[in-house]
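S.K.: Protein chains in written order, with the numbering used here: chain A, 1 to 303; chain B, 1 to 303; chain C, 1 to 274; chain D, 1 to 274; chain E, 1 to 318.
If you are wondering where the hints come from, they were derived from the structure by calculation, not from laboratory data.
Possibly wrong hints are sitting among the right ones.
Said to hold, decoys possible - Below, computed lysine-lysine pairings styled on BS3-like, alpha-carbon distance capped at 30 angstroms:
| # | chain 1 | residue 1 | chain 2 | residue 2 |
| --- | --- | --- | --- | --- |
| 1 | D | Lys155 | C | Lys118 |
| 2 | D | Lys155 | C | Lys155 |
| 3 | D | Lys118 | C | Lys155 |
| 4 | E | Lys13 | E | Lys180 |
| 5 | C | Lys119 | D | Lys155 |
As the list claims (entries may be wrong) - Stretch-level coverage of chain B by chain D, calculated; a stretch enters the list once three of its residues show a Cβ under 8 angstroms from a Cβ in chain D:
| # | region |
| --- | --- |
| 6 | 111 to 125 |
| 7 | 218 to 229 |
Said to hold, decoys possible - Partner residues aside, some chain E positions facing chain A, computed with beta carbon under 7 angstroms:
| # | residue |
| --- | --- |
| 8 | Thr50 |
| 9 | Pro54 |
| 10 | Ala58 |
| 11 | Ser117 |
| 12 | Ala152 |
| 13 | Thr243 |
| 14 | Glu247 |
As the structure is a computational prediction, the values presented were derived from the model and not from experiment.
Think of the CB as a built atom: it goes at the ideal place given N, C-alpha and C, for glycine as much as any other residue.
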Amino acid sequence: MSISHAPPDSPETDISETSHPNAAEPTALGPVPVLPLDLEPIVPTSSRHTRVPRWLRRTTGPVLLLVLWQLLSSTGVLTADVLASPGRIAQVAGDLISDGSLTSAMTTSLQRVAGGLLLGGLIGTGLALVAGLFRIGEDIVDAPVQMLRTVPFVGLIPLFIIWFGIGEAPKIAIITLGVTFPLYLNVYAGIRGVDAQLIEAGESLGLSRWGLVRHVILPGALPGAMTGLRYSLGISWLALVFAEQVNADSGIGFLMVQARDFLRTDVIVVCLIVYAFLGLLADFIVRSLERLLLQWRPTFTGR
Amino acid sequence: MSISHAPPDSPETDISETSHPNAAEPTALGPVPVLPLDLEPIVPTSSRHTRVPRWLRRTTGPVLLLVLWQLLSSTGVLTADVLASPGRIAQVAGDLISDGSLTSAMTTSLQRVAGGLLLGGLIGTGLALVAGLFRIGEDIVDAPVQMLRTVPFVGLIPLFIIWFGIGEAPKIAIITLGVTFPLYLNVYAGIRGVDAQLIEAGESLGLSRWGLVRHVILPGALPGAMTGLRYSLGISWLALVFAEQVNADSGIGFLMVQARDFLRTDVIVVCLIVYAFLGLLADFIVRSLERLLLQWRPTFTGR
Amino acid sequence: MATDVHRPVNHQVTEEPTAEASTAEEPKRDASKAEAPRPAQAVRVEGLTRSFDGRAVIDDLRLDVRAGEFVALLGRSGCGKSTLLRILAGLDRDIEGTVLVPRRKAVAFQAPRLMPWKKVWRNVLLGLPGKPARAVADQALGEVGLSHRTDAWPKTLSGGEAQRASLARALVREPDLLLLDEPFGALDALTRIKAQRLVGELWQRRGCAVLLVTHDVEEAVLLADRVLVMDEGVIAHEQAIDLDRPRDITDPRFAEIRGQLLERLGVDTAAEAA
Amino acid sequence: MATDVHRPVNHQVTEEPTAEASTAEEPKRDASKAEAPRPAQAVRVEGLTRSFDGRAVIDDLRLDVRAGEFVALLGRSGCGKSTLLRILAGLDRDIEGTVLVPRRKAVAFQAPRLMPWKKVWRNVLLGLPGKPARAVADQALGEVGLSHRTDAWPKTLSGGEAQRASLARALVREPDLLLLDEPFGALDALTRIKAQRLVGELWQRRGCAVLLVTHDVEEAVLLADRVLVMDEGVIAHEQAIDLDRPRDITDPRFAEIRGQLLERLGVDTAAEAA
Amino acid sequence: GGNASAGTDTDGKGSLTLNVGDQKGGSEAILRAAGELDNLDYKIKWSTFTSGPPLLEAVNAKAVDIGGVGNTPPVFAAGADSKITVVAAWHGTSKGDAILVPNDSELTGPAQLKGKSVAVAQGSSANYQLVASLRKAGLGLGDVKVKYLQPADALAAFTSGKVDAWAVWDPYTSQILQAKQGRVLTTGDGITNGLTFQVAAPSALKDKKKVAAINDYLERLRRAYKWVYSHEPEWAKVWAKETGLPEDVALAAVKRTYTTRVAVAVDQRLIASEQEIADTFTGLKLIPRKVDFGEFTDARFNGGLPPSTTTPRPAETD
Ligand SMILES: Nc1ncnc2c1ncn2[C@@H]1O[C@H](COP(=O)(O)OP(=O)(O)OP(=O)(O)O)[C@@H](O)[C@H]1O
Ligand SMILES: Nc1ncnc2c1ncn2[C@@H]1O[C@H](COP(=O)(O)OP(=O)(O)OP(=O)(O)O)[C@@H](O)[C@H]1O
Ligand SMILES: [Mg+2]
Ligand SMILES: [Mg+2]
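Work out the full structure, taking the sequences as your base and the hints as a guide.
M.R.: Right, here's the structure in full:
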């Protein structure tokens, strides 16, 4: 393990010579004389650009979408039977709200989603913990979950009807299923991504197995879990489209499927917009959670 | 910033005294005499348990599932009309394979999936890069994507038909859509999870913006991207169930939907099993990729 | 492959090394041991081998630390000091050989390894038995000069602050074996002296065994009962420091021991110039 | 809020500090400057302020470094040295005041900050212009004694190895301003001397300005043209080292300067005992 | 449930509960509109399904005792050997089953469909109608480009000109015609049997009390259908509200299809016409085996109903 000093004709000297021809032979007494350097200022951030509030900037995208849609509609590129104009849709939405069908649909669906989210959250995180924390758990749990997660809902509905009947149970089961897998995948990946050094530190501090999970592994897996949650929140509503095909007469998924069956394109679009808002809402919830739970995390925030 | 020394009656001394009553007053000359300690051995891993090869351990789960199924079937808990026995399913699968319908379905679907994965991969990662790397990109891209990702396929199919016709294009578009979002979410989260210190280091090394992306941000986002890929691989096949409702006459999704419409529970189960295998395959692919690309990562691997 | 750890304690190990067990590099087994006949052991390591990718970083190493002994460990960068510490802490079990350590251990790692998701004071309390009050953490942090940063997120600490937080976290544990991996490396002269004093005081009050990895020979001589030099995977040199405490840097015997150790580490003291 | 950085260079700043600009803590402006009349500047900092959560860590700081000058920066742990370095490196722009630095800078951070996904040698080459050959990295790593670990993943390096890799990564860049944040903190005595020598040689050959943050006063006096002591957010003390090079630790003037600096840092040299 | 019993999903009182599977704007709505849900001495628990196949899944799973579906889903259920039994039937015109073409299409008859693309929902009644219509015109399914599309998707394809024709049933037919988005190329008149069914679970038919309830339920349903004859606008209004269809479309569909339905017996002729459908699908390999549809019928609720070939009431629009 010796340190060799670069001879004067080493490749390293080449680099310096090509880039700065004035960097001449070293002297024993001090640095070589240098030409004046071009200095550049470090520009403080505060003087760089004015700040537009966050929420305003984030509405840009949706507003742009809306403007595009209105534009296409009014120029006739999108004809009414393809996609009704925002105005028309707003009117239909107004009708749906005033006759209470949209609100009641949302209420019904919300209950189902809440149930499914709760169950799926528990199962997904639970399985992820088992598979993430223990090798043996991984061996037993992971492969079946990886198999089940790609199994389509539609194929399972008949089985679910047989197993769970046609009440609320199969609907919640379907949502649960949808919620479970994204959470599982992300929490599992999160757990397996926790820095081994921190685990060691936790062990050396005398944390019990559960303490290690609670204080080290779960917080370390939290960023991953948040991504999973973001996905799950979306999926839980999407699963309604299937869940509410089974003996439902209200709910946003039912509304959607019914509108589809009776060719009510405008209602479909209203549903799509409701879904889009649910997506935004989910994002808002997760962002708020992240701000709260991940404030310890100094990471890249974009330029 | 002064260092105060604990007086003898400080709470800290309390701790030591309660836990080790023999830790008496400090002396100026050296440590206090101690009683013999109970030493415990550090047990080497190699002597702890014998190793079963990985693939064998991972098959435990699926095999257990299979055994359970066969058991339930043969004991009559699962009657044939609830879920046919593995034997019966194997026979149906055999028929489907021998008359070529399963193989041709897989070939057709595979092409669609490949197209969709490619497109969706590009779009998803592209959008994630734009939103992840630039604040302005996030402001414009993220909200619309968060909206779109929760929009149900079924509602979009009519629009896709109008835009893309009823050939292969809408099918690939649907798969693309399905693939895009998990990749987006995970790559975006991955980018935003890259350690700010490493970004700084990269900058200080004189990396160009693109160099920073390539050498720091993308590798840092890779673990997240892998989770996204795992999800996307699954979704791409799931999306077939919708995609192949649009003017398809072969494909695994078509087979599935057709079986459902014709109440062919046995065929449905065969399809489900095919899907389960696809899930395992996806997992295998991602695991291999991870082993290759994430070998630099010393993380928690379970006990 | 692994040495059976359950074999009866080999009587020859503790006090009277046989000819074939003592290496040529083990001179002066010495006075300090003679003072206390058959004292309690805090660490017993024998035939320890740890390889990375086939390269044995620790190779048939033997180490005994008496209970209450303060041992300093010197050695080239990369010679395996941290690896040895991790093994003693029970964190690396991919080993061959016998390792016996007390149950209550505390470690301050070379990198601070604070949990980024816990405020500094919570990091200090992490893993302590019972429900320790925040005051415990506040006091420990006060002792290392971090009173004003107890409520900070670890990632906002300066290098030295993080190192002190990590040190406080180890010291508050009151262990039987304290493993310190270059705990003062990132501290300025004054803070370092205070921290050294703090460790010295804990050691005296608690009577725990301490294994201190350091690159600062002066520090080693100042604090330790015995200084070990690690090289080529074994303890290549051992030096008892039989100076009275408190020790004086200006003592000529101090300078002599320091010089000997530096020479062992390959530094030609006369040529210390840039 | 921010000082306008585009104002014409204030002529009074460089050489003749006005009465109100020079603090009481700035004695001996000195010989070394007199040798080269109006030399080129490598760093100009004026009125620099950096606050975290309302606490000004750097508070109206003023700093000038001549091109080719070797400056050492001492200071209590947590006094803002790393913050200053990050600002000079252009990594922290949340500041007020004027900061002028050359374009070609290289930094060795306090923590190694190697990209964990790149083998050590790739880390060294990262960001170098052109397509540098691996030999360039191999040589740089060889110089810091890491020939045998060029192909390792950063996370498998020991603490000192990682620090040396980070140092090699900075040195290979041949910058006009070299910013080193405690680059030798985790190195044993011998390796440290070699690394110091390496930095000294690069400095002499390249003629770059160096700002070295260190806690080792001896090291500072050994290497620097000028030693700064930071305190309370400003450069509280400045000391030109006008000893001839190569410098001799045993020189009484050396010991005197060292003693003065230690005193500045709050260490009572007579009380250096545990 | 419907408007009256919103939130409860059950009607009537008593110890016995009849689980009835329904589709939106189906049995529950018509019974309620006709006032036939009063004075029930058993409970009816309604379950709503989006289409026939899932409803039959529920029947097969014994989750539903009885439910109403069109003429094709039972054939597939039989093909899958599901546990279902057809217990009642209505016969209406097949004018609602139509092959539609865009207004400006050059096609004038089914024979000209050769080489054209036709949208159809696989396994629907229209699927059979398409096959039968082509067969009558001397063509096979292979002579046209069949595009399997669900109605909502087919509508998009049809209106945007991606297909040349669309085989579909009411109310879609009425919707297209009402919106003047297309015209009828040919109807199912004389080609499809125009039947709709009530299908019960065999397990329910083994339960004496349930049989009695089913009998009563069918009686009420038959009365309700008769009620529609004289209350078309009223029924159309209810139906439109239930399904979200525009009222004019609903009224047109009611006149074209609904009011033509007469209750008929489950007899050999009925079995034969369903058998034909089954055989056709078996020929197309959509059903894996030869089906004996007779095994899936039960004639005990026929009472004095006329034979299944009874002419339906004439449609009021054309
Ligand atoms: N996981 C690993 N895989 C491969 N080599 C490793 C691994 N961990 C450590 N090493 C190597 O083992 C040797 C000893 O490492 P260790 O961290 O014990 O050194 P050290 O004595 O603590 O050095 P330092 O003073 O620089 O911290 C080093 O050469 C290091 O590169
Ligand atoms: N992001 C931050 N948020 C809040 N406080 C911070 C942040 N970064 C640094 N600080 C605080 O600013 C002060 C100066 O930090 P800095 O890292 O510059 O210290 P330093 O002089 O380098 O100390 P050391 O010698 O210990 O490395 C410290 O008290 C530190 O806790
Ligand atoms: Mg180390
Ligand atoms: Mg620092």
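S.K.: Work down the list of hints and note, for each, if the structure agrees.
M.R.: Now the hints, each set against the structure:
1. D:Lys155 with C:Lys118: Judged against 30 angstroms, a Cα distance of about 23 angstroms means the pair holds.
2. D:Lys155 with C:Lys155: Holds, at roughly 19 angstroms.
3. D:Lys118 with C:Lys155: 23 angstroms, holds
4. E:Lys13 with E:Lys180: Not OK: Lys13 of chain E and Lys180 of chain E at ~47 angstroms, beyond 30 angstroms, violated.
5. C:Lys119 with D:Lys155: 25 angstroms, holds
6. 111 to 125: Three-residue rule not met by the region 111 to 125 of chain B, so violated; n is 0.
7. 218 to 229: holds (count 3)
8. Thr50: 5 angstroms, holds
9. Pro54: Holds, about 6 angstroms.
10. Ala58: Holds - the Cβ of Ala58 of chain E comes within 7 angstroms of chain A, reaching about 5 angstroms at its closest.
11. Ser117: At about 20 angstroms, which exceeds the 7 angstroms cut-off, the nearest Cβ of chain A leaves the hint on Ser117 of chain E violated.
12. Ala152: Holds: closest Cβ of chain A sits about 4 angstroms from Ala152 of chain E, inside 7 angstroms.
13. Thr243: 5 angstroms, holds
14. Glu247: The hint is violated - Glu247 of chain E has no Cβ within 7 angstroms of chain A, the shortest such distance being about 13 angstroms.
When the structure is compared with the earlier hints, violations turn up for hints 4, 6, 11, 14 and for no others.
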